[in-house]
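S.K.: Please model the complete structure; the sequences and the hints are all you need to start from.
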Amino acid sequence: MVRYSDDFRRKVIAAARESHEPRSQVARKFGVTPATLNNWLSTFYAENPQELEADNQALRDEHALLLAEQEELRNQLPWLR
24 MVRYSDDFRR KVIAAARESH EPRSQVARKF GVTPATLNNW LSTFYAENPQ ELEADNQALR
84 DEHALLLAEQ EELRNQLPWL R
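Counting in the numbering used here, the sequence shown runs from 24 upward without gaps.
Hints are computed from structural coordinates only; laboratory data are not their basis. Fair warning: there could be bad hints in the mix.
To be verified - In the SDA-like style, the derived pairs of lysine to any residue whose C-alpha atoms are separated by at most 20 Å in a straight line are:
(1) Lys52 - Asn71
(2) Lys34 - Asn71
(3) Lys34 - Asp78
(4) Lys52 - Ser28
(5) Lys34 - Arg83
(6) Lys34 - Ser65
(7) Lys52 - Leu64
(8) Lys52 - Phe31
(9) Lys52 - Arg33
(10) Lys52 - Glu70
(11) Lys34 - Glu70
(12) Lys34 - Asn62
(13) Lys34 - Glu94
To be verified - Taking CB as the label site, the calculated pair distances span:
(14) Met24 - Arg51: 15 to 21 Å
(15) Trp102 - Asn62: 45 to 51 Å
(16) Val25 - Leu82: 29 to 35 Å
(17) Leu100 - Gln80: 27 to 33 Å
(18) Pro101 - Gln73: 24 to 30 Å
Glycine residues also receive a C-beta, built at the ideal position from the N, C-alpha and C atoms.
M.R.: So, in structure tokens, the structure goes:
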């Protein structure tokens with residue numbers, strides 16, 4: 024079984040949290056399995072529930088922004104309705 028350093032784990036977790044790429048792609052980029060990355064993220068969020076809420080809030084904010092942009096485009100191009 025491969026043992027990864029704590030610094031490496033933190034780097035991979037940070038990359039997964041900041042990236043808009045699928046977790047499997049982030050895992051592949053760092054040479055770990057998607058299951059390993061999911062386990063690390065689950066442990067991280069269990070130990071830091073405030074970070075989970077912060078990430079969820081950031082996603083909700085981004086979603087609201089995208090919906091607003093979509094509505095603006097629909098208003099500019101009425102034939103899309």
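S.K.: Against the earlier hints, flag every one the structure doesn't satisfy and list their numbers going up.
M.R.: The structure breaks hints 1, 5, 10, 13 and 18; every other hint is satisfied.
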